[in-house]
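In case you want the letters, here they are:
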Amino acid sequence: MTAQSEAELAEMVAGAEGPFCIRGGGTRGGRVPGTPLETGGLRGVELYEPGALTLVVRAGTPLAEVEAVLARENQRLPFEPMDHRGLLGTGGEPTIGGVVAGNISGPRRIQVGAARDFLLGVRFVDGRGQVIRNGGRVMKNVTGYDLVKLMAGSWGTLGVLTEVALKVLPRHETEATLRITGLDDARAVAALSAALGSPFEVSGAAHLPGGEVPVTLIRLEGFADQVAYRTGRLTETLAGFGEIAVEDDPDRSRALWQGVRDVAPFHGRPGDVWRLSVRPSQAPGLAARLGAEGLLYDWGGGLIWARVAEGTDLRARAGAFDGHATLVRAGEETRARLGVFQPEPAPLAALSVGLRAKFDPRGLFNPGLMPAPQEAPA
Amino acid sequence: MEMPVPNPAALARKARLVERLRAVLPADAIIHDPAETRVYECDALTAYKCPPMLALLPASTQEVSDALRICHEEGVPVVPRGAGTSLAGGALPTADCVILGVARMTEVLETDFADRIIRVQSGRTNLSVTNAVEEEGFFYAPDPSSQLACAIAGNIAMNSGGAHCLKYGVTTNNLLGVTMVLMDGTVVEIGGAHLDAGGLDLLGVICGSEGQLGVVTEATLRILRQPEGARPVLMGYDSLEVAGEVVSDIIKAGVLPVAIEFMDRPCIRACEAFAGAGYPDCEALLIVEVEGSPAEIDAQLAVILEIARRHDPVELREAADADEAGRIWLGRKSAFGAMGQINDYICLDGTIPVSSLPRVLRGIGDLSAQYGLDVANVFHAGDGNMHPLILFDANAPGDLDTAEALGAEILKLCVEVGGCLTGEHGVGIEKRDLMLHQYAPADLEAQMAVKDVFDPAWLLNPAKVFPLELSEARRGMAVAAE
Chain A
1 MTAQSEAELA EMVAGAEGPF CIRGGGTRGG RVPGTPLETG GLRGVELYEP GALTLVVRAG
61 TPLAEVEAVL ARENQRLPFE PMDHRGLLGT GGEPTIGGVV AGNISGPRRI QVGAARDFLL
121 GVRFVDGRGQ VIRNGGRVMK NVTGYDLVKL MAGSWGTLGV LTEVALKVLP RHETEATLRI
181 TGLDDARAVA ALSAALGSPF EVSGAAHLPG GEVPVTLIRL EGFADQVAYR TGRLTETLAG
241 FGEIAVEDDP DRSRALWQGV RDVAPFHGRP GDVWRLSVRP SQAPGLAARL GAEGLLYDWG
301 GGLIWARVAE GTDLRARAGA FDGHATLVRA GEETRARLGV FQPEPAPLAA LSVGLRAKFD
361 PRGLFNPGLM PAPQEAPA
Chain B
1 MEMPVPNPAA LARKARLVER LRAVLPADAI IHDPAETRVY ECDALTAYKC PPMLALLPAS
61 TQEVSDALRI CHEEGVPVVP RGAGTSLAGG ALPTADCVIL GVARMTEVLE TDFADRIIRV
121 QSGRTNLSVT NAVEEEGFFY APDPSSQLAC AIAGNIAMNS GGAHCLKYGV TTNNLLGVTM
181 VLMDGTVVEI GGAHLDAGGL DLLGVICGSE GQLGVVTEAT LRILRQPEGA RPVLMGYDSL
241 EVAGEVVSDI IKAGVLPVAI EFMDRPCIRA CEAFAGAGYP DCEALLIVEV EGSPAEIDAQ
301 LAVILEIARR HDPVELREAA DADEAGRIWL GRKSAFGAMG QINDYICLDG TIPVSSLPRV
361 LRGIGDLSAQ YGLDVANVFH AGDGNMHPLI LFDANAPGDL DTAEALGAEI LKLCVEVGGC
421 LTGEHGVGIE KRDLMLHQYA PADLEAQMAV KDVFDPAWLL NPAKVFPLEL SEARRGMAVA
481 AE
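Sequence lines, in order, name chains A and B. Numbering of the first sequence is given in the working numbering, commencing with residue 1 and proceeding in unit increments. Numbering of the second sequence is given in the working numbering, commencing with residue 1 and proceeding in unit increments.
Rather than coming from a laboratory, the hints here were simulated on the basis of the structure. Fair warning: there could be bad hints in the mix.
Covered stretches of chain A (in silico footprint by chain B; criterion: 3 or more residues with CB under 8 Å from a CB of chain B, positions within the stretch not fixed) [as the list claims (entries may be wrong)]:
| hint | region |
| --- | --- |
| 1 | 77–91 |
| 2 | 123–135 |
| 3 | 167–179 |
| 4 | 273–284 |
| 5 | 296–305 |
The calculated SDA-like cross-link candidates involving lysine to any residue, where the alpha carbons are at most 25 Å apart (straight line), are [claimed, not checked]:
| hint | chain 1 | residue 1 | chain 2 | residue 2 |
| --- | --- | --- | --- | --- |
| 6 | B | Lys167 | A | Tyr229 |
| 7 | A | Lys358 | A | Thr35 |
| 8 | B | Lys252 | A | Arg76 |
| 9 | A | Lys358 | B | Asp184 |
| 10 | B | Lys14 | B | Glu41 |
| 11 | A | Lys358 | B | Ala473 |
| 12 | B | Lys252 | A | Arg171 |
| 13 | B | Lys167 | A | Asp225 |
| 14 | B | Lys252 | A | Pro170 |
| 15 | B | Lys14 | B | Ala35 |
| 16 | B | Lys412 | B | Ala44 |
| 17 | A | Lys358 | B | Gly185 |
| 18 | A | Lys358 | B | Lys333 |
| 19 | B | Lys333 | B | Glu41 |
| 20 | B | Lys252 | A | Tyr48 |
| 21 | B | Lys167 | A | Thr35 |
| 22 | A | Lys358 | B | His72 |
| 23 | A | Lys358 | B | Glu41 |
| 24 | B | Lys167 | A | Arg76 |
| 25 | B | Lys167 | A | Ser193 |
| 26 | B | Lys333 | B | Gln370 |
| 27 | B | Lys14 | B | Lys412 |
| 28 | B | Lys167 | A | Tyr48 |
| 29 | A | Lys358 | B | Ala44 |
| 30 | B | Lys412 | A | Thr35 |
| 31 | B | Lys167 | A | Phe223 |
| 32 | B | Lys252 | A | Thr35 |
| 33 | B | Lys412 | A | Leu47 |
Computed spacing ranges between beta-carbons, pair by pair [said to hold, decoys possible]:
| hint | chain 1 | residue 1 | chain 2 | residue 2 | range |
| --- | --- | --- | --- | --- | --- |
| 34 | B | Gln370 | A | Gly18 | 55 to 63 Å |
| 35 | B | Ala302 | A | Leu47 | 30 to 38 Å |
| 36 | B | Ala320 | A | Glu236 | 24 to 32 Å |
| 37 | A | Gly268 | B | Glu110 | 37 to 45 Å |
| 38 | A | Gln258 | B | Ala302 | 29 to 37 Å |
Virtual Cβ for every residue (Gly too), placed ideally from N, Cα, C.
Extracted from the complex, chain B is given alone in its bound form (with noise of 0.2 Å):
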């Protein structure tokens, strides 16, 4: 991937800029010493790192605020970080950057039971979200697969989603209220306790905009009563086209379950060899959860059962207790620690029509052969979101480029039968050359226009997102301004 040229004005106004950042930010807070930044020169999409010039760790709003309109001011553009666990390089710096993360913005600022919300300031992780309300029996559903790390603030950047969002959808269904500055320093708030916008949906708008249109410092969640159970069953049939069949099956029948999660043969096997959680091997295995009392569990899970019988399966596994439960999760859990024992590997997210599926995992077959690489396929089946594993050597000279090249046709495919990029990691830099492949220019000149009024002079996040030559003119207008 390529990323733009330091811009010259920015990087020698370094000595300058601490000098101003000094008067609103603690010492601590100013990250400036090279071999500090380093720390900050990648997310999770670890192929690709560059220091930035600084990185900035304010504690409040008024610290994100002053800090913005200091770099504003002095036309230097900014990256907003939250745990830095992108997939997608959503936080890589720019060597002209100032990293601004929101990691010591930690606060659950307000709690209400009778209300079902939680206001937490952004840097807050979003397992920790829940573990703020769950001895009150309640949940923040979102629940990406970096919940451990992964910052309130990148969920929403990203509209992160995660295993059960059939059920529960993803951060933007839970999201009420946020307040966010802008690049120039002001501070808006937007949403709150209640629900639906007044006029326009900004907050729609800006959950999921790659911290490209403000720095979101505080949140108001929706959390949710927890379910009284689960239980998981495990089916395994030999052909990806009837375990299409049997997720499509399920969804009409009416029962809503919280996951289907779908493992293909190459998964299934490294999983196993990883974990020995007694996968069955065969072409396609499903995991299929859902919630409830015990009486409620079994009458949506005989619903499922005959379904899966219909169609044959090689093997039909329900869980008689806790432990059976977590052995039908074990493998898809280690799923991609297993991946990542035996090989390097990228992880693409494009989502695609659920009706496509057999035709997409034949086409990823062929891809993979043609281009010598192994793809392990693993997936949130029931709303389409496909996670194919492309394993590569990250030692061998040019494999990264043809493990890229091999992502960028599947992302092609996904597109080609009416899906999309990229279904919850976002578009970063990973996809952002892709882009032209989902939309005409006028669609993406319709989503820039939107950054153009959040973000005049484009300094927050620039490079992302929109292919470079498209965004080039209004990423320009900062230098030209000098």
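With the rest of the complex left out, here is chain A (with noise of 0.2 Å):
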């Protein structure tokens, strides 16, 4: 079903008498039973003041339209959402309510914060078929609860998101990235909490273990003089980590986080991909234990990407640690048996359910997909 308006959407959800899987694009694998129910319908820009680096855009939008638009006033989305069709070998045209619903965010997230931290305002459908807003198109809003995060990485569980507003930024007007090779996984990180604890405002910190030799890469953006003295600066903290190279074409630069960001290196290779969200000083640590065949560490060792064996429990292998692990490529029977996301202790499970009863007391979205409720209604 694909719904050409808010009012249509709603009176869809109203009326239905099974479960719906929300699909925007359909890139980003968070495929479940039920009727297909897609938002492609819900498309443009309803407002974009590059002044007040403000964007409201319907949620069915391609990403790439967004990107557009706000590249003509030489702006973008700051968190730098990933592109999964290279890792989940999926096609179509990536949606912004699916990267809003997934809190889908890239490497410049250690600097600037989550798609969610962007996100200002949301109008979406409810599991009543009610429309609801929350949030605004204002910076800075603590009028009543912040139903906005909460929408942001929900994956369509409370509700179909019909309208998002962002605040966006200025594109910087250079970007350089320094390199350094051979550093071991626990050297690495080291490497790149020295460099987000100086005052150079890193915007990328990634290590790279799996090539011929591990690259080490930390990225700085800003106006062209900027970038150069902080590059020099940063090298000159960084001198007792070895060799550092400095990769100053912008495009090459850019091609590097690129290929960060989507996970370029697990391409085309086999096996299921986890990503752990992890505290940064335990990364090295816990990723030893995972038997992992492919890792690439972002967020300055805070986000682990583990490419392991098909059917692998990674959550057993990684035992108990601060943060979680998220399934997000795997086949049917894997994430059947093992849940996509992380189990939560009970209490917090308790909330978490609560409140998807709350908002689709019909469980009508995406069931499944996140742990179910207990009692839920027929």
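Build the complex: two chains, separate frames, hints provided.
See below:
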């Protein structure tokens, strides 16, 4: 089913008899049984004020269209959303609604925040078919509860997004990447911590241990003079970690970070893919326990991408740790057996289940994607 | 503002409640003498006062949990309190409530500079979080102007902002985890030293929930390395529109100042009379501050000054040294003191799209004339967070009512242009009855459904945020259960 308007979508939900699989562009693998409910008909920019750094856009608008509109004013989505297509082998066009619903953020998350931090307002259809509005289009808003954050990363389980308001930022004039080779994982995370703990506003901090030689990458963005100055100072700061090469061609630097963002080293390689959000200093020790065939660290070590043999229970291998593991790529059987999202401790699970029961009392939205209510009504 | 009638059943249980609490809290943590409970009768919204039935000062998460469990079993409402600096009445008691203060919980539990986090008990003051890490060159970014006094617990409850959030965000963008006690005494751990939630973003909805979902006892906060330096520039214009354009042009140019502060003529004059900072007498004054090394600051200021000159300023003043920088900030930082000296005032914090600035300022001027009360404007222009100061005389009969009515009209104007009622102070009781101007009943119902999940009996800070007529059925449950 494809709604052409918010009102039509609300009617479809109100009159629904069975569950929906909510789809934006279908690129991020959030597939569950149920009637596909497509948001692609809800398309277009509602409002764009470059001088106020705000964009209001309908949820089914392709991400590429959003990025093109922003690029014309030399602005962008600062949280650098990942493109999952290469990793998952999916087709289609990512939508802005999918980005928000999954709280999809890339390398710059470590400096500026995640998608949820740039989301100013939402409109969505809840499980009763009511249109709900929360937040607005201004940068500071504490008027009532922040359902905006709750909707970001809820993967459609609380409601179907119809419109999102985002804070955007100007593109930087240029960028450069510092590159250190040969560091082991622990030393690399220490280098990334040192860089992120410097005053030089590092906007990307990744470590790729998988190639012929491990590579550690640190990104700086800003005006040309600024980037040149910070590159010099940061090179001094990190001198103890080994020889540092500087990639100061902005296009080549951008290509490096696109690879990190989209986990390019895993493209076309077999196995399941997991994503772990962890405390950075614990990342190398944790990663060593995973028995991974491939690893990539982003967010200064706070994000681990792990490629493991199909069907592996990575959470069992990881044991207890500060953070959580999400199953991003796996077969149906593995997804069903292990669950996409990390089970929460009982009191938190009760809150999450309770919220989903309030927003979606009939259990219509993406059932099974997040742990189910214990007494789901028929 | 109206508050609910105290529940006689709750009041009648005072003696039994004290008796039960004595089993779990030290004697000096239970304040029940009416002479002493008066200390907690208001927060910084001093126009409203009501001593609570009891005040509790637990010293640990366990004590908070025990105290809440008992209050829950007794069906007594609880109003959490940080440092009592809310401008919106967030910590205003009712006569039948228990104030639960976190003032004794001020420890730093952990600092980790490699992972760039600090974990503190929630009664710790905002500024003392920065104090705990500044020797290593770090700071905690959200800096509400009450930062010397306000507690992290209140910052989380109200999702507090500050002058520097254009660059660094507000509390919710710098909060990584909490230990929180639910009304029934259950202790939950949400988030931690890692980024982003694993399931639903519960932390996101807790932050800014005005103490209605739980009592936060510990928090993990993101700390940042201090910039190498900062420098302000001051510019004066003879037109509000032009000053608004300057703000917009600076933002579009790709410079991200750490602060853009805007003052209008009434505010400039009051500050000048109070602090003598040497401000020009003009329609609009901007203070723009950028950060970085001296060379980086020069480069950014060059871009900003070029924009400023293009708009024909009546004054353009750079700070050559720390002393001059201090003088540029002097008037702005004394704005609230200056107002306090000449009058009583109500400080609002509606937020508007930056593009609507001139229209809203003119609208405020018209309303000010209509109601016969002066309004001075000082605000964070980069993010559209207004701070209209309505000046009135608390001793003049009817003046407070007139000031509140004028305030309500100003906030409605903010909503009308696409903004919101409150950008950083919170709803509390102050804007509670205006909520239906911003949201439809179904929108508020969705928010109240969240409270239903966290606090099904509606005992935590129940008379705040939502218009009383909308929350009445829910608030009545505790009484009805008797």
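Structure-based check of each hint:
Only when three residues or more bring their CB closer than 8 Å to a CB of chain B does the claim for the region 77–91 of chain A stand; here the count is 0, and the claim is violated. Coverage of the region 123–135 of chain A by chain B holds in this model, with 6 residues showing a Cβ closer than 8 Å to a Cβ of that chain against a need of three. Counting residues of the region 167–179 of chain A whose CB lies closer than 8 Å to any CB of chain B gives 5, which reaches the minimum of 3, so the coverage claim holds. Interface restraint, the region 273–284 of chain A with chain B: holds (5 residues with C-beta to C-beta distance below 8 Å; minimum three).
Counting residues of the region 296–305 of chain A whose beta-carbon sits less than 8 Å from any beta-carbon of chain B gives 3, enough to reach three: the coverage restraint holds. Only pairs whose Cα atoms come within 25 Å are accepted, and Lys167 of chain B paired with Tyr229 of chain A is accepted, the gap being roughly 21 Å. A C-alpha spacing of about 22 Å is found between Lys358 of chain A and Thr35 of chain A, which places the hinted pair at or below 25 Å, so the restraint holds. Distance hint between Lys252 of chain B and Arg76 of chain A is fulfilled; the C-alpha atoms sit about 12 Å from each other, no more than 25 Å.
Between Lys358 of chain A and Asp184 of chain B the alpha-carbon distance is near 20 Å, which keeps this suggested pair within the 25 Å criterion. Pair hint Lys14 of chain B plus Glu41 of chain B holds up; C-alpha atoms about 17 Å apart against a cutoff of 25 Å. Note on Lys358 of chain A and Ala473 of chain B: the hinted pairing holds, with a Cα-Cα distance of about 17 Å set against a maximum of 25 Å. Taken as a hint, the Lys252 of chain B and Arg171 of chain A pair is honoured in the structure, with Cα atoms around 10 Å apart against an allowance of 25 Å.
A hinted pair counts as satisfied when its Cα atoms are at most 25 Å apart, and Lys167 of chain B with Asp225 of chain A qualifies at roughly 20 Å. With a C-alpha separation of about 7 Å, the suggested pair Lys252 of chain B and Pro170 of chain A falls inside the 25 Å cut-off, and the hint holds. Pair hint Lys14 of chain B plus Ala35 of chain B holds up; C-alpha atoms about 16 Å apart against a cutoff of 25 Å. Only pairs whose Cα atoms come within 25 Å are accepted, and Lys412 of chain B paired with Ala44 of chain B is accepted, the gap being roughly 23 Å.
For a cut-off of 25 Å, the pair hint linking Lys358 of chain A to Gly185 of chain B stands: about 22 Å separates their Cα positions. At roughly 45 Å between alpha-carbon atoms, Lys358 of chain A and Lys333 of chain B are farther apart than 25 Å, so this suggested pair is violated. Between Lys333 of chain B and Glu41 of chain B the CA atoms are separated by roughly 29 Å; this puts the pair beyond 25 Å, and the hint is violated. Between Lys252 of chain B and Tyr48 of chain A the CA atoms are separated by roughly 13 Å; this keeps the pair inside 25 Å, and the hint holds.
With a CA separation close to 43 Å, the supplied pair Lys167 of chain B and Thr35 of chain A exceeds the 25 Å bound. Taken as a hint, the Lys358 of chain A and His72 of chain B pair is honoured in the structure, with Cα atoms around 22 Å apart against an allowance of 25 Å. Note on Lys358 of chain A and Glu41 of chain B: the hinted pairing is violated, with a Cα-Cα distance of about 35 Å set against a maximum of 25 Å. With a C-alpha separation of about 16 Å, the suggested pair Lys167 of chain B and Arg76 of chain A falls inside the 25 Å cut-off, and the hint holds.
Of the pairs offered as hints, the one joining Lys167 of chain B and Ser193 of chain A holds, with about 21 Å between alpha carbons and a cut-off of 25 Å not exceeded. About 29 Å separates the Cα atoms of Lys333 of chain B and Gln370 of chain B, which puts this hinted pair outside 25 Å; it is violated. The straight-line distance between the Cα atoms of Lys14 of chain B and Lys412 of chain B is roughly 41 Å, outside the 25 Å bound, and the hint therefore fails. With a CA separation close to 21 Å, the supplied pair Lys167 of chain B and Tyr48 of chain A stays within the 25 Å bound.
Proximity of Lys358 of chain A to Ala44 of chain B is assessed by CA-CA distance (about 35 Å); at most 25 Å being required, the pair is judged violated. For a cut-off of 25 Å, the pair hint linking Lys412 of chain B to Thr35 of chain A is broken: about 42 Å separates their Cα positions. For the suggested pair Lys167 of chain B and Phe223 of chain A, the alpha carbons sit about 16 Å apart, so the restraint of at most 25 Å is met. Restraint check: the Cα-Cα separation between Lys252 of chain B and Thr35 of chain A comes to about 44 Å, which exceeds 25 Å; the hinted pair is violated.
Of the supplied pair hints, the one linking Lys412 of chain B and Leu47 of chain A holds, its CA atoms being roughly 21 Å apart against a limit of 25 Å. A C-beta distance of roughly 57 Å is found between Gln370 of chain B and Gly18 of chain A, which places it inside the suggested range of 55 to 63 Å. For Ala302 of chain B paired with Leu47 of chain A, a C-beta distance near 32 Å keeps the hint of 30 to 38 Å intact. Remark: the range hint 24 to 32 Å for Ala320 of chain B to Glu236 of chain A is upheld by a beta-carbon distance near 28 Å.
Distance hint check: the CB atoms of Gly268 of chain A and Glu110 of chain B are about 42 Å apart, consistent with the given range 37 to 45 Å. Separation of Gln258 of chain A from Ala302 of chain B is about 32 Å and conforms to the stated range, judged on CB atoms against 29 to 37 Å.
Of the hints listed earlier, those the structure fails to meet are numbers 1, 18, 19, 21, 23, 26, 27, 29, 30, 32, in rising order.
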